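So the chains spell out like this:
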Amino acid sequence: MSSAKSIPSPLIQQGEWFMRICNACRYCEGYCAVFPALERRLTFTEGDLNYLANLCHHCGSCYDACQYAPPHEFALNFPRILAEIRGATYQKYAWPGFLAGLFPRNGLAVSLITGISLALFLLGMAIRGGPAALVSSHGLGEGAFYAVVPHNAMVVIFGAVSLAVLTAFVIGLVRFWRDTEEGFRALVDPVALGRAVMDVLRLKNLDGGGEGCIYPDGRPSLTRRRFHHLTFYGFLLCFAATTVAAVYHYIFHWPAPYAFWRVPVLPGTVGGVGLLIGPAGLLWLKIKRNPVVSDEGQTGMDIGFLALLFLTSLTGLLLLVLRETPAMGGLLAAHLGMILGLFLTMPYGKFAHAVYRSAAVVRFEIEESRPLPKYGAD
Amino acid sequence: MDPSRTYDVLVLGGGNAALTAAITARRTGVSVLVLECAPKGLRGGNSRHTRNLRCMHDRPSDVLTEAYPEDEYWQDLVRVTKGKTDEHLARITIRQSTDCRAWMVQHGVRFQPSLRGTLHLSRTNAFFLGGGKALVNAYYRAAEDLGIEVAYDTEVRDLNFRDGQIVTAIVAQHGATREVRARTVVAAAGGFESNLGWLKEAWGDVADNFLVRGTPYNMGRVLRVLIDKGVKPVGDPTQCHAVACDARAPKFDAGIITRVDAISLGIVVNKHAARFYDEGEDFWPKRYAIWGRLVAGQPDQIAFVLIDAKAMGSFVPPVYPPIRASLVRELAQAVNLDPATLERSVAAFNRSVRPGTFNHAILDDCATVNLTPPKSHWARPLDAPPFFAYPLRPGITFTYLAVRVNDRAQVMMQDDKPAANIFAAGEIMAGNILGEGYLAGIGMTIGTVFGRIAGREAARHVLG
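In order, the protein sequences belong to chains P and X. The numbering of the first sequence is the numbering used here, which starts it at 365 and goes up by one. The numbering of the second sequence is the numbering used here, which starts it at 4 and goes up by one.
Honestly, I wouldn't trust all of these hints.
As the list claims (entries may be wrong) - If the Cβ cut is set under 8 Å, some of the chain P residues that face chain X in the computed set are:
id, residue
1, Ile-385
2, Ala-388
3, Cys-389
4, Arg-390
5, Ala-401
6, Thr-409
7, Glu-410
8, Ser-425
9, Pro-435
10, Ala-439
11, Glu-575
12, Gly-576
13, Ile-615
Rather than coming from a laboratory, the hints here were simulated on the basis of the structure. This one's a predicted model, so the numbers in the text were calculated from it and none came from an experiment. Beta carbons are placed, not taken as given, at the ideal position from N, Cα and C, and that holds for glycine.
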């Protein structure tokens with residue numbers, strides 16, 4: 365499993381120089397995990413840079429506080445170089461390697477793939493039931509959705525895609541972990557893992573050392589952390605709802621659709637609302653924030669992902685509200701098309717951050733559970 | 004900046020002391036204009052490069068451990084300044100350092116526990132979360148919220164006096180000269196450390212080899228104008244905070260990252276490969292700020308700190324990598340020292356090291372015997388290859404030549420009477436307290452304490 369793409373060497377050279385500045389300064393130590401992690405090192409290999417780049421949550425606090433930021437002659441822009449390296453690692457760890465090509469111009473790629481998914485569902489439906497299938501009323505009888513899209517087709521399509529996504533991420537994770545030069549045995553550390561899970565669930569690294577990150581406008585704020593929580597927990601609730609629905613279907617043989625108050629629908633709705641507000645809020649913050657800390661090459665990826673999450677949720681909620689109307693067929697196709705687009709592009713878009721950043725947090729907590737090396741400890 | 008207005012308080016400078024004064028004054032309701040000569044992106048003077056302030060405290064509190072009582076603080080100050088300090092002003096600074104933090108937090112500054120690698124400061128120094136620029140940013144936000152006017156890129160050229168009082172300031176902004184009217188002035192514009200001509204005037208040609216660690220904007224113009232207009236100076240123009248910096252650093256503004264903190268762990272030699280000062284005289288935070296001056300006293304103002312593999316890694320790594328070699332002789336060649344002489348110096352040092360128990364956290368018993376100069380603590384033979392060298396230059400942080408002030412931060416005139424409407428805070432008056440030497444974090448303490456006094460007294464003068 366050799367890596368498909370390596371990180372461009374100018375990025376590594378500049379990253380290494382910036383890391384040495386940060387390691388000699390250390391003023392940002394209290395903001396997040398990146399600084400304590402880099403302070404454990406005297407020199408920085410590519411693997412170190414890749415790890416630290418993924419550990420960065422890109423809040424920009426360190427840029428705001430940086431005595432060496434432009435117009436200083438060192439022109440240190442730490443969040444930006446980390447974003448650039450991080451973007452390059454997504455390509456480096458991508459499997460299969462040729463799909464790494466989806467990362468540049470990712471917004472376009474995600475839109476196209478989602479558009480094609482959508483078209484395929486509409487086309488499939490039209491071929492099967494004629495154009496009328498998309499607009500006729502199906503009522504809310506048992507299995508009404510499956511009259512539009514056969515259940516087996518859904519299972520085969522989403523099962524295969526899920527398996528592919530899972531495989532891509534497992535391989536990506538192995539590549540990331542190898543890159544950090546940390547052994548796999550280190551993962552057997554329940555305390556560190558528990559801490560890492562809590563860090564991720566609480567988004568510890570977006571608290572800016574307490575009162576929030578300097579995001580988006582130079583004042584400490586927890587806004588981004590809250591919008592991300594809405595997005596993350598919204599996504600989890602929707603995912604959980606789908607899982608419960610699968611259990612209903614296979615174990616209890618209760619086919620969808622379910623009444624609003626039934627378990628899959630209620631958390632799905634709550635999650636869906638979170639998944640509307642969260643991505644919209646994150647998008648709003650992204651527009652407001654200081655653009656100099658961002659890698660503009662990734663703007664399309666970020667916006668594409670947020671838009672996709674928002675549209676997935678929007679079509680899902682519309683489907684819930686309008687499922688007894690003639691719009692149901694078209695909305696179901698749209699919703700399924702969005703979900704398929706989302707899943708297909710997961711390993712080749714912004715969703716990758718969830719995997720690698722979480723893994724970096726695990727690595728961080730494993731390192732923190734070890735005594736400080738004598739480096740810089742006086 | 005409105006030339007048709009008369010500002011109640013005109014603050015000259017835009018760093019910690021200036022903003023502390025501006026905020027304190029503004030909170031009483033008076034109008035305040037801050038003149039910062041740097042552009043917005045480099046605002047804050049040397050405060051941008053700071054990271055903590057030294058606080059007296061009687062019990063563990065928020066980020067500070069144990070206690071640091073007034074008398075210990077005072078004794079520390081007497082020791083580093085060799086008694087060249089104004090006890091009255093120093094004790095005011097020390098006592099009022101206790102309640103600075105609450106005020107700072109109220110105005111947006113956040114604190115964090117002592118940084119890794121600086122644990123020896125956790126008792127005495129409170130660290131700013133994000134460092135000095137984060138503090139400066141917080142104060143500018145507070146100033147904006149309070150309705151304080153700030154003019155960037157605005158340099159004070161002259162101050163016009165009438166009947167012993169300042170009435171206007173002549174300022175240059177974007178190539179145009181303007182006159183600003185004010186009822187009181189707070190001078191908080193720093194020392195003259197960025198003014199290479201003035202440094203040369205004080206030091207001679209030696210100054211050509213100085214690096215300026217801090218802001219390039221502290222040209223000392225306000226200090227010079229005040230002295231020229233009859234304000235009483237205090238201090239020696241060659242006295243300053245100066246550390247040993249990596250010789251590869253840029254001429255200006257490199258801040259903390261080129262500071263080499265390896266000295267107490269190794270030996271320092273000059274261009275003749277000879278040692279010249281006790282590297283282990285006292286704890287590093289009480290000694291780091293004399294090494295700039297020591298290097299300045301050496302031929303060609305160059306020196307080299309040498310360590311071996313035992314010491315590598317036990318200090319914060321400076322930004323430039325060390326020069327390394329597996330033999331002392333090769334290291335000498337790599338840094339252009341005479342190999343035979345350096346070998347002799349190292350051998351003489353190694354021979355004189357008395358066995359002891361090395362502990363960098365205490366004044367340990369690892370010392371040399373019969374060696375001149377001695378190394379009083381942390382002396383271990385240089386015998387574990389590879390050997391490392393960092394080239395050192397004097398890195399000047401700020402100068403101590405100051406305007407004389409009283410305990411109301413009023414500037415004193417040549418006749419020893421206070422100027423009615425001129426107050427001073429920060430570097431420009433720190434020399435009242437720092438005759439020489441330095442105590443880590445006391446610069447920000449002086450700036451904060453006297454910034455608050457100056458702001459309060461200036462407002463009181465306006466309000467009557």
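Tested hints:
| no. | hint | result |
| --- | --- | --- |
| 1 | Ile-385 | holds (5 Å) |
| 2 | Ala-388 | holds (4 Å) |
| 3 | Cys-389 | holds (5 Å) |
| 4 | Arg-390 | holds (5 Å) |
| 5 | Ala-401 | violated (11 Å) |
| 6 | Thr-409 | violated (14 Å) |
| 7 | Glu-410 | violated (17 Å) |
| 8 | Ser-425 | holds (7 Å) |
| 9 | Pro-435 | holds (5 Å) |
| 10 | Ala-439 | violated (11 Å) |
| 11 | Glu-575 | holds (7 Å) |
| 12 | Gly-576 | violated (10 Å) |
| 13 | Ile-615 | violated (52 Å) |
Hints 5, 6, 7, 10, 12 and 13 from the earlier list are contradicted by this structure; the remaining hints agree with it.
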